[in-house]
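Chains as they are written, first to last, in my numbering: chain A, 5 to 245; chain B, 1256 to 1541; chain C, 183 to 515.
Be a bit skeptical, because a hint or two may be false.
Said to hold, decoys possible - Cβ-Cβ distance ranges computed for the label pairs, FRET-style:
#	chain 1	residue 1	chain 2	residue 2	range
1	A	206	B	1532	48 to 56 Å
2	B	1320	C	417	47 to 55 Å
3	C	417	B	1411	49 to 57 Å
4	C	491	B	1262	52 to 60 Å
5	B	1532	A	141	20 to 28 Å
6	C	479	B	1383	42 to 50 Å
7	B	1328	A	96	27 to 35 Å
8	C	378	B	1317	23 to 31 Å
9	B	1411	C	391	34 to 42 Å
10	A	209	C	495	55 to 63 Å
11	B	1533	A	174	48 to 56 Å
12	B	1258	C	363	41 to 49 Å
13	C	196	B	1532	48 to 56 Å
14	C	484	A	182	51 to 59 Å
Claimed, not checked - The calculated lysine-lysine pairs, modelled on DSSO-like cross-linking and capped at a C-alpha distance of 27 Å, are:
#	chain 1	residue 1	chain 2	residue 2
15	A	66	B	1287
16	A	121	A	134
17	A	224	A	66
18	B	1287	B	1441
19	A	121	A	224
20	A	70	B	1287
To be verified - Quick look at which bits of chain B chain C covers, simulated, 3 or more residues with Cβ under 8 Å:
#	stretch
21	1284-1292
22	1327-1341
23	1411-1420
24	1470-1479
25	1505-1519
26	1524-1533
No wet-lab data here; the hints were simulated from the structure.
Heads up, the beta-carbon is just placed ideally off N, CA and C, and yes, glycines get one too.
One letter stands for each residue in the lines below.
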Amino acid sequence: MTTLLSTHGLQAEYGDMRALHGIDFAVEPGETVALIGANGAGKSTLLSAIMGLLPVAVEMVKLDGKPVGGSLPHRMVQSGVAIVPEGRRLFAGMTVEENLQVASEHAAAPRGTAWTKERVYDLFPILREKARTPVENLSGGQQQMVSIGRGLLAQPRVLLCDEISLGLAPRVVREIYDVLPQVTAQGTALVLVEQDVGLAQRASQRLYCLLEGRVTLEGKSSDISRDDISAAYFGASHALD
Amino acid sequence: MHWIEGIVQGVLLGGLYAQYALGMALMFGVMKIVNVTHGDLVILLALIGISLADFTGIGPWGVLTTLVPVGAAIGWLLQRAVLNRVVGNDPLPSLIATFGLSIALQNAMLVVWSADTRSLSGGGLQQASIEIGPLFVGVLPVIVLICATVLTGGLDAVLRFTRYGRSLRAASADVEAAAMVGVNPKAVYAAATAIAVGILGFAATFQAMRSTVAPADGPFQLIYAFEAVIIGGLGSVWGAFTGAMILGISQAIGFRINPGFGILAGHIVFLAVLAIRPQGIFQRKS
Amino acid sequence: MSYRVERMTLSGRVAILAGALALGAIVSMPWWASQGLIRDVITLACFIAVAQMWNMLAGYGGLVSVGQQAFVGVAAYAMFVMAQSWGINPFIAVGLSLIAPALLAVPIYLLLHRLEGPYFAIGTWVVAEALRLVATNMPMVNGGAGMSLRVMTQFSAHERAIAGSFLAALLLLVTVGGSYLLLRSRYGLALTAMRDNPVAARSQGVDVQRLRFLIFVAAAIGTGFAGAVYFMVQLRITPPSAFDMNWANLAIFIVMVGGIGSIEGVLIGAVIYFFADRWFGEYGASYLIVLGLLTLMTALFFREGLWGLWRRTFDAPWFPTRRTLIQVERDVP
């Protein structure tokens, strides 16, 4: 099995400041990988850099082993990488259905069973009821469901999820995380950026911990101990305090 | 009767202004830029049309069917060569770039066509009028108004119901998020400017038939388009249409009070709307 | 350790000296220069003033206006009415006429600041157009026929030259010197912060709205001053010349080509514009095509302008506004 998506010594800058210092990261088809780390560790920056939202060198990101770094975001979508962005970023003034339709109209060519609006409504039945509601009138959890649905309708082989539990009630978070296995079941890989370390560990097969733009820990989620994580999360010097 | 006639004339004039305003509303909606050459492009297309009619002898409808695709091509080129480089959060670059281009364009037209005023012969259409109740109305202004209504309705339908319309609305709401679901912003922008300037192909033909055009007239058309868009509110293409009607009526009534007061009356109504209802007549409060 | 904040540089001291000499030379012109040169210098001073005011608006305030001719025209007309119709001494009328742009700027700003960036610009244009039409329809200023400043005939050519030269020097002192002082004051940091990033400036406690309002009014007064001086020398005013779009054109060209957000750029741009206008103005339309295309190119490829290009190589500002920390002495432990 070839690696689906990988980064190689990925470096990226935000303005004048270097935010990522050589990240090696990989995800296989159907796998769920979690990215954890403190605020400002570079998790969202990593997703932005993969997605082509930040300038990066072409060799630093590979999809199916082919260099794609720095491709424009809409090209990445058409190659099979989609993102559920931080803060949901829905299209205000448009209905739930229209938000989903924009995504499906610009999707990659599906491999295997295609995601359809109907299948998204089956995952999140509440969206079927709200199909004709403007998205700004939805609750936060419902908006997050639209955002995930939008990501799925891009027919991705890798779906990057940026803080999808942020600001949501625990019940809603559970509802959302419960459907993720149905996504990976058909071979779509998931990359979860997650603040809640316990949740990240439970939901993923592997995890990466980032600190100040570097990978400080990588391994199978079930094998990693709490102590390993807190050392990697806060840095060795902090762990001694 | 005097006043009713003024209102009717104003609505008919508004039909022309609506054709200027639609493209401006579209471009501002999706790119948040104002193309200062908007009015100059009306004049450029009109002058091209007049010369075309002179050389080839094609009638006004032939001119119209030529100018719309020519306008779309100019719009596409303008987007690729200039506007794509200046789209962004800072309003300065796009304003200055198109402002400079506007000066260059006006003077280039002056070199090619001289300062003379010209007009397009409509083959008797300009003189034709019909009797509606107690009023005589020109056939041409009625055609212009019908055309403006159809264009507005058509554009509204495109925005609501087509794949392109949805991608344009998505890019208007959040261009980065639109790119993240696969929309190519530059393609959306290029098409928006092509549509906007294509519509100016209609405006140019009708402007050249209804009155005269000269190379320095562009800024006035720009200002009328702008006033219509602001009066109507930035919400929808029907807002721009309504704004154009209000501007047309204001000018027509102002003109009846005193011929020197016509254009000024339009400016005053614009400033009054800005003072009383800055979000425009049509804009939803968000 | 103790430090002091240093803002003056060697190049800055040289420039201040040169500026003082230049102002002295301008004031003394009636005793050594020809009538033609005096007229040219006054015209150049007006260009510099209008451009520098636009630079403060667009370069620091983030307020891109294409309607500054509104203030040129209003102040100039106010001056003509006071001097010609009301019989006020014309040189005093120049000063009094500045009340008009100041008073007008307040409602204009309150109306237009509601418009988003590019729409603000077109809004200023509408206001200038509206004022031109008002002047055209106003019997008090003789409508479209315009006015002549016949009262000036009571003064000799030499007296007029003295007043013109003095007013030109004062105009430069107020607009260029005033901007420089403002940028060096405690408002200067806020203005520079606002230029670089208005959102961040707001979050740092800069009252962006208030500052913008003050800049708009100040720029209106400075622009009006230039207008009053310019038309006093012209002796004649009509609505199309007073509210001429070319005032906006030249301000934008000067600032963009010279380098936006710097006083040095305005001086460079104004001199270039003045001589281009003088040498190539006779080519009319072709000259304006080049001017327009240069403005376009600057906005596309060359946004820091000539001064920005110069500054990449030489760090010697003429109007230093930057603060540098200098270590004075080591504290004795």
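Checklist entry - Which of the numbered hints are not met once you compare them with the structure shown? => result 8, 11, 12, 15, 19, 20, 23
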